[in-house]
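Chains H and E supply the protein sequences, listed in that same order.
Counting from 1, position 6 in the first sequence corresponds to residue 6 in our numbering; the numbering is continuous, with no gaps.
Counting from 1, position 190 in the second sequence corresponds to residue 190 in our numbering; the numbering is continuous, with no gaps.
Calculated directly from the structure, the hints in this document are not laboratory data.
Computed from a predicted model, the values in this text were never measured in an experiment.
Just so you know, even glycine gets a beta-carbon here, dropped at the ideal spot from N, CA and C.
Among the hints, a few may not be true.
If we take Cβ atoms under 8 Å as the criterion, some of the chain E residues that face chain H in the derived model are [unchecked claim]:
| no. | residue |
| --- | --- |
| 1 | K177 |
| 2 | L186 |
| 3 | G208 |
| 4 | W214 |
| 5 | T252 |
| 6 | Q258 |
| 7 | E261 |
Some but not every residue of chain E turned toward chain H, in silico, with C-beta under 7 Å [unchecked claim]:
| no. | residue |
| --- | --- |
| 8 | A118 |
| 9 | Q187 |
| 10 | V254 |
| 11 | S286 |
Derived DSBU-like pairs (lysine-lysine); straight-line CA-CA distance at most 30 Å [to be verified]:
| no. | chain 1 | residue 1 | chain 2 | residue 2 |
| --- | --- | --- | --- | --- |
| 12 | E | K116 | H | K98 |
| 13 | E | K212 | H | K165 |
| 14 | H | K62 | E | K177 |
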Amino acid sequence: MENLNEKEQDVMLKESSILDAKLERRSFLQFAGAGAAIVALTAAGCRKDRPIVTSGVTLDFKDDFGVLNYAYALEQLEAAFYIQVASAPPSAFTQTQKNYFQDVQFHEIAHREFFKKALGTAAIGSLSVDFSSIDFTSATSVLAAAQAFEDLGVAAYNGAGVRLKDTGFLVIAGQIVSVEARHAAWVRDQISNGTFADLASLSALGSDNANGLDGQLTPNKVLAIAGKYVKTKINVINL
Amino acid sequence: MNIVNILEEIEKVDGEIYERLSPRRTAMKDFFNVGKKISLAALPLALGSMFQKAYGQSNPANVNEVLNFALTLEYLEYHFYNHALTNSTITFPTPASNAAITTIRNHELAHVNLLKGALGSAAVTPFVDADFDFTGAATFGTAFADVFSNYQTFLKVATAFEDTGVRAYKGQAPVLKGMPVLTTALQIHSVEARHASHLRQMTAASLGVNLKPWISYSANGNDTGIAQVNAVYAGEQNTMIAGIEITGINGTAVTQTQAAESFDEFLTGSAVKTIANIFIKTRKLS
């Protein structure tokens with residue numbers, strides 16, 4: 001550490017001296033490269049005594065921004081899935097299915113980008129996805145995954161709404177969740193016509209068929225289910 | 001963004017803007033506290049929320065009023081489907097179409113019973129079939145006169161009811177904010193959206209029209225092409241959410257159509273009541 005600092009000071013001295021010196025371009029690049037490498041090493045060394053920032057993103061549910069970032073994470077996941085489907089739909093898809101998956105792709109992109117823009121500097125980073133469990137050449141596999149994403153998305157928004165303190169955010173969440181529910185119903189009907197609102201099949205997502213209620217799940221349960229599709233570690237605090 | 005300028009501009013058309021804002025000091029306080037912490041990009045969102053608080057509250061105003069309002073709409077929907085299934089000459093083209101309407105009818109009945117139970121003695125006197133005119137003749141004349149004999153007319157009205165229901169629940173969410181009953185309302189809300197999605201598919205198939213499961217863009221918001229129900233879809237053409245334009249957002253290829261589709265819009269309580277009253281003969285909502 002001390003050694004590196006000394007070297008850094010040394011380099012800085014040399015760098016200041018090169019401002020005046022007439023150096024060949026090649027020499028300058030050598031200097032600059034060496035300086036950057038040492039600064040990077042120094043910075044790495046200095047981090048030792050600070051809290052270690054592990055890889056991944058953190059959803060802090062202490063306020064509405066945590067809830068919005070949670071929604072942003074789910075929309076990132078959905079958008080990534082539909083982008084992959086829309087770019088190379090299963091050959092068994094009808095033209096209408098191809099068109100509607102294209103639509104849904106852009107709906108999810110719109111949701112994702114809305115949260116990104118609205119959150120501004122408070123937004124979490126981009127998530128890495130893991131869709132290895134999905135066979136993108138199989139209509140059956142793609143529709144099953146789409147149904148899982150949409151039903152889960154509906155349950156996630158339904159369960160998270162009560163956490164929102166801001167009226168504007170609450171209404172916007174409502175504006176999104178009904179579109180997700182329209183997706184869910186359509187995808188379900190593609191798998192088996194008439195199952196658009198088969199609430200009995202959604203009990204694992206917190207539905208209540210006897211009372212005609214859709215799914216609703218708390219964020220920790222949603223993230224546990226979504227986890228198989230996400231590589232990035234998602235840390236949850238203040239839930 | 002200059003908030004003072006915005007407020008002054010609003011004052012020109014609404015002299016009471018400051019009065020509207022000031023009784024809700026917490027809204028202003030929340031706004032300015034949040035404003036310190038968030039980026040400029042997020043400001044339109046918070047600003048929209050402040051105005052929502054100033055203008056959004058009206059009718060119904062409290063939890064019981066909201067639940068009774070919802071209950072009334074559920075009575076309307078339940079009796080509509082029940083009438084079609086038990087007391088009509090509609091020919092359902094397939095067993096699947098009959099089954100779908102039965103599923104929806106049963107959900108609406110479940111919602112009626114749930115809300116009635118939650119309200120207890122505060123629940124409105126039950127609405128019965130005879131309280132409604134599902135042709136809306138006083139307003140629509142003969143346009144929907146065959147609603148219980150023509151499958152296609154029935155689907156048109158059903159689709160309008162479900163899309164109205166989705167917008168109605170969304171509009172009432174602010175009154176229930178932070179309460180456990182909000183979750184229940186949201187669980188009903190998304191079921192209505194599932195119904196709407198399916199009915200739109202049934203309508204598209206039966207009428208041979210290009211009606212998507214989600215509400216698509218059209219200049220006046222109404223993508224069904226049925227002029228009588230314009231009020232149900234008023235505003236659905238919106239692509240601006242909390243001051244953020246969704247079309248082409250962040251350099252993406254999101255079109256105006258997809259932008260309008262990707263966010264459903266809410267309806268105020270009074271707008272929903274105006275629509276519902278078209279079909280309520282007696283005991284109209286005020």
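Do the hints match the structure? See the list:
1. K177: OK, holds: K177 (chain E) within 8 Å of chain H, min 6 Å.
2. L186: The hint holds - L186 (chain E) has a Cβ within 8 Å of chain H, the shortest such distance being about 4 Å.
3. G208: 13 Å, violated
4. W214: 5 Å, holds
5. T252: Where the cut-off is 8 Å and the nearest Cβ of chain H is about 5 Å from T252 (chain E), the hint holds.
6. Q258: The hint holds - Q258 (chain E) has a Cβ within 8 Å of chain H, the shortest such distance being about 4 Å.
7. E261: 6 Å, holds
8. A118: With Cβ-Cβ at 10 Å, over 7 Å, it is violated.
9. Q187: Q187 (chain E) check passes; min Cβ-Cβ to chain H is 4 Å, inside 7 Å.
10. V254: 5 Å, holds
11. S286: 24 Å, violated
12. E:K116 - H:K98: Given that 30 Å is the threshold and the Cα spacing comes to 43 Å, the pair is violated.
13. E:K212 - H:K165: At roughly 33 Å apart (the allowed maximum being 30 Å), K165 (chain H) and K212 (chain E) break the hint.
14. H:K62 - E:K177: 17 Å, holds
Hint compliance for this structure: hints 3, 8, 11, 12 and 13 are not met, and every other hint is.
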